[in-house]
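Visitor: Between the sequences and the hints, there should be enough to build the whole structure, so can you do that?
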Amino acid sequence: NGEVFDLAAVDILRDRERGVPRYNDFRELIGRGRVKSFEEITDNEKWVKELREVYQNNIDSVDLMVGMFAENPPKGFGFSDTAFRVFILMASRRLKSDRFFTEDYRAEIYTQFGLDWIDNNNMLTVLRRHYPSLSPALFGVENAFAPWRKVGI
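First residue of the sequence shown? That's -18 in my numbering, and the numbers climb one at a time after it.
Calculated directly from the structure, the hints in this document are not laboratory data.
Where hints are given, some of them may not hold.
What the hints assert, rightly or not - Now the in silico label distances, taken between C-beta atoms and shown as ranges:
| no. | residue 1 | residue 2 | range |
| --- | --- | --- | --- |
| 1 | G57 | V(-15) | 21 to 27 Å |
| 2 | P128 | R66 | 17 to 23 Å |
| 3 | D(-13) | G14 | 27 to 33 Å |
All C-beta atoms in this analysis are idealised placements derived from N, C-alpha and C, irrespective of residue type, glycine included.
Guide: This is the structure we're talking about:
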């Protein structure tokens, strides 16, 4: 019907309704410590100004998703430290609870060919196989989750 939704705003609203901790509270829960200023979240001066304005200069009001996306990523990372920790928590639990990665990860279920296929592929091979146009950006990249080369800019 052509109606436009701000999905980021919807996600923030859902997080608030579901009681997802705010950015600083979440950092504390995962042992990262609270930030005391907006400048500790990002070195992007424009974002610092916008965060101050939107959150009325209250660092403890910053939503988790906003803080994670505003955070400066560590060197060599494609996303923030907090987002990485969320990913690790979710991925590790998902893998431990998936029978196809635990008791059924064997040749009787997958065949030896299937296990070899899994063992010899990774995110880079998947990207190269399904999106060959990404090859120039992926040249020399060892980790698909790290920032890629800039091509044609």
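Visitor: All hints, please: hold or fail.
Guide: Comparing the hints with the structure gives:
Under the hint 21 to 27 Å, the C-beta atoms of G57 and V(-15), about 36 Å apart, miss the expected range. At roughly 18 Å, the beta-carbon separation of P128 and R66 lies within the given 17 to 23 Å, and the hint holds. In this structure the supplied range 27 to 33 Å holds for D(-13) paired with G14, their Cβ-Cβ distance being about 31 Å.
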